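There are 2 protein chains.
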Amino acid sequence: MANPTAAMLVIGDEILSGRTRDANMHYLACELAKHGIDLREVRVVSDDPDAITGAVRALSAAYDHLFTSGGIGPTHDDITAENVARAFDRPIDVREDARAVLAAHYERAGQELNAARLRMARIPEGASLIDNPISAAPGFTLENVHVMAGVPTIFEAMVASVLPTLTGGAPLVSVSRRIFRGEGDIAGPLGELAERYADLSIGSYPFQQDGVFGAQIVIRGHDGAQVEAALIELDAAFAG
Amino acid sequence: MANPTAAMLVIGDEILSGRTRDANMHYLACELAKHGIDLREVRVVSDDPDAITGAVRALSAAYDHLFTSGGIGPTHDDITAENVARAFDRPIDVREDARAVLAAHYERAGQELNAARLRMARIPEGASLIDNPISAAPGFTLENVHVMAGVPTIFEAMVASVLPTLTGGAPLVSVSRRIFRGEGDIAGPLGELAERYADLSIGSYPFQQDGVFGAQIVIRGHDGAQVEAALIELDAAFAG
Numbered sequence: 517m518a519n520p521t522a523a524m525l526v527i528g529d530e531i532l533s534g535r536t537r538d539a540n541m542h543y544l545a546c547e548l549a550k551h552g553i554d555l556r557e558v559r560v561v562s563d564d565p566d567a568i569t570g571a572v573r574a575l576s577a578a579y580d581h582l583f584t585s586g587g588i589g590p591t592h593d594d595i596t597a598e599n600v601a602r603a604f605d606r607p608i609d610v611r612e613d614a615r616a617v618l619a620a621h622y623e624r625a626g627q628e629l630n631a632a633r634l635r636m637a638r639i640p641e642g643a644s645l646i647d648n649p650i651s652a653a654p655g656f657t658l659e660n661v662h663v664m665a666g667v668p669t670i671f672e673a674m675v676a677s678v679l680p681t682l683t684g685g686a687p688l689v690s691v692s693r694r695i696f697r698g699e700g701d702i703a704g705p706l707g708e709l710a711e712r713y714a715d716l717s718i719g720s721y722p723f724q725q726d727g728v729f730g731a732q733i734v735i736r737g738h739d740g741a742q743v744e745a746a747l748i749e750l751d752a753a754f755a756g
Numbered sequence: 517m518a519n520p521t522a523a524m525l526v527i528g529d530e531i532l533s534g535r536t537r538d539a540n541m542h543y544l545a546c547e548l549a550k551h552g553i554d555l556r557e558v559r560v561v562s563d564d565p566d567a568i569t570g571a572v573r574a575l576s577a578a579y580d581h582l583f584t585s586g587g588i589g590p591t592h593d594d595i596t597a598e599n600v601a602r603a604f605d606r607p608i609d610v611r612e613d614a615r616a617v618l619a620a621h622y623e624r625a626g627q628e629l630n631a632a633r634l635r636m637a638r639i640p641e642g643a644s645l646i647d648n649p650i651s652a653a654p655g656f657t658l659e660n661v662h663v664m665a666g667v668p669t670i671f672e673a674m675v676a677s678v679l680p681t682l683t684g685g686a687p688l689v690s691v692s693r694r695i696f697r698g699e700g701d702i703a704g705p706l707g708e709l710a711e712r713y714a715d716l717s718i719g720s721y722p723f724q725q726d727g728v729f730g731a732q733i734v735i736r737g738h739d740g741a742q743v744e745a746a747l748i749e750l751d752a753a754f755a756g
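As you go down the protein sequences, you meet chains G and C in turn.
Throughout, our numbering is defined as the position within the first sequence, counted from one, plus 516.
Throughout, our numbering is defined as the position within the second sequence, counted from one, plus 516.
Bear in mind the hints are in silico, worked out from the structure with no lab data behind them.
Predicted model, so just to flag it, every value in this text is computed and none were measured.
Be a bit skeptical, because a hint or two may be false.
A pair counts as met if it fits within one copy or between any two copies, since identical chains are not told apart.
[Unchecked claim] Below are the SDA-like pairs computed for lysine to any residue, each with C-alpha atoms no more than 20 angstroms apart in a straight line:
no., residue 1, residue 2
1, K550, R537
2, K550, E744
3, K550, D739
4, K550, V689
5, K550, T536
6, K550, I695
7, K550, S562
8, K550, N519
9, K550, V734
10, K550, G534
11, K550, A673
Bound-form chain G, shown alone:
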């Protein structure tokens, strides 16, 4: 059976302006690979209602899961929740269980649960909450969209709480070899190998080390035996 597919949507002007270097994409890619969910596409959009709604509609329709990152805090530029709701034509309002989580958190911290913070308790109708063990304000899952915070520590904690609830597939098996020959010298036989193993993804990534050109060949697939067989052929083709 084919693995479930997924896309990621990173939301935030700070990524597109270069202020912030996104870290969540790489983290999610690694976690999904381990869990057997194939990450097929990532998009980064700005804090713009139509950009968010459009991307949520397109990606949630095209893939089994969509994971979003960013825009669920208390400030004016946090507009992800309302636009995910809009993408599915769902009403959104403060929900009692989310409000209770926030109220307990801010009481412990001796801070006021004011109007701004209460925005973080707005949950689209029909969504389920995603636990936030770090700063309380929950994420949520609506249909096949998992809405999570942009702060990396919180994003990672939310991924850790969502992923075990999702049906995975065969984890991605990945093996690699460094070959100290130019990519152009190995491209012919490598292409033939890739053609024979059409179910595998065989990638070639050039490097330069101490003035010598080489290529790291990565063989990826969900069938471990097939990956092993391809690796044996690779070694035979470029031995010595």
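Given chain G, put chain C in place with the hints provided.
Here is chain C on its own, set in the frame of chain G:
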């Protein structure tokens, strides 16, 4: 006059599988901000012909410029050039000026310009070459799409040779303040400020330092005087 807009398309299984952490997005974001071109969207897709063609068509139609990264080497998984050509229904073939650049390079290196390497001289009809001072194999510009290598040093060199040829706008001016109060405590006045300065992007990014919660407020815009005025108001609102 509004600044030109841009999108970026990162092509490669290695990013989506988690094998490689993309570095080019952050670099391009910073360079475009300086040059006064607004980066509005980024997509990452796999080494799949339809995914590449579809994204090139959508993004080149929606924005003034599209910058691509990855997939222009000599191996079987390098399929960007032919699929950018396909997106514009252009033929692609080995072109004499690109072949000459490669021939000179490999002669100097004492390596053979074989069939695999010659693939890197395939240029879509009507494209102009982008210089590659590092490993010779050129990128190209077709219509409003700038096709560049994925290896960061080469990508950066190509950006440096393309950007000066593009009409920029007002560079993005960005100022920031660290405010040692919780985001929820400053969200109200901050939102009012953002409403009054609707032409600016005012972002709030939470941090935690020595156990104290704070927010870095970033004010971005193309009108330096307006950015300064908003900053003065920000300082007045959260002084002390």
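Here is how each hint holds up against the structure:
Within a single copy, K550 and R537 get their C-alpha atoms only as close as 24 angstroms, which misses the 20 angstroms cut-off; across copies the closest is 16 angstroms, which meets it. In this assembly of identical chains, K550 and E744 lie within 20 angstroms of each other by CA distance solely inside one copy; the values are 18 angstroms within and 47 angstroms between copies. Taking CA atoms no more than 20 angstroms apart as the test, K550 paired with D739 passes inside one copy only; the shortest distance there is 13 angstroms, against 46 angstroms between copies. Taking the shortest alpha-carbon separations for K550 and V689, only the intra-copy value of 8 angstroms comes in at or below 20 angstroms, while the best inter-copy value is 41 angstroms.
Taking the shortest Cα distances, K550 and T536 sit within 20 angstroms of each other only across copies (15 angstroms), while inside one copy they are farther apart (26 angstroms). When the C-alpha separation of K550 and I695 is checked against a cutoff of 20 angstroms, the pair qualifies neither within a copy, at 26 angstroms, nor between copies, at 39 angstroms. Taking identical chains as interchangeable, the C-alpha atoms of K550 and S562 lie at most 20 angstroms apart only when they sit on different chains, with a minimum of 18 angstroms there against 29 angstroms within one chain. For the homomeric pair K550 and N519, the shortest alpha-carbon distance inside one copy (12 angstroms) is at most 20 angstroms, but the shortest distance between copies (42 angstroms) is not.
In this homomeric assembly, K550 and V734 come within 20 angstroms of each other (Cα to Cα) only inside a single copy, at 16 angstroms, whereas the closest approach across copies is 36 angstroms. Proximity of K550 to G534 under the C-alpha cut-off of 20 angstroms is restricted to the inter-copy arrangement: shortest distance 10 angstroms between copies versus 29 angstroms within a copy. Proximity of K550 and A673 under a CA criterion of 20 angstroms is satisfied intra-copy only: 16 angstroms inside one chain copy versus 35 angstroms between copies.
Checked against the numbered hints above, the structure breaks only hint 6 and satisfies the rest.
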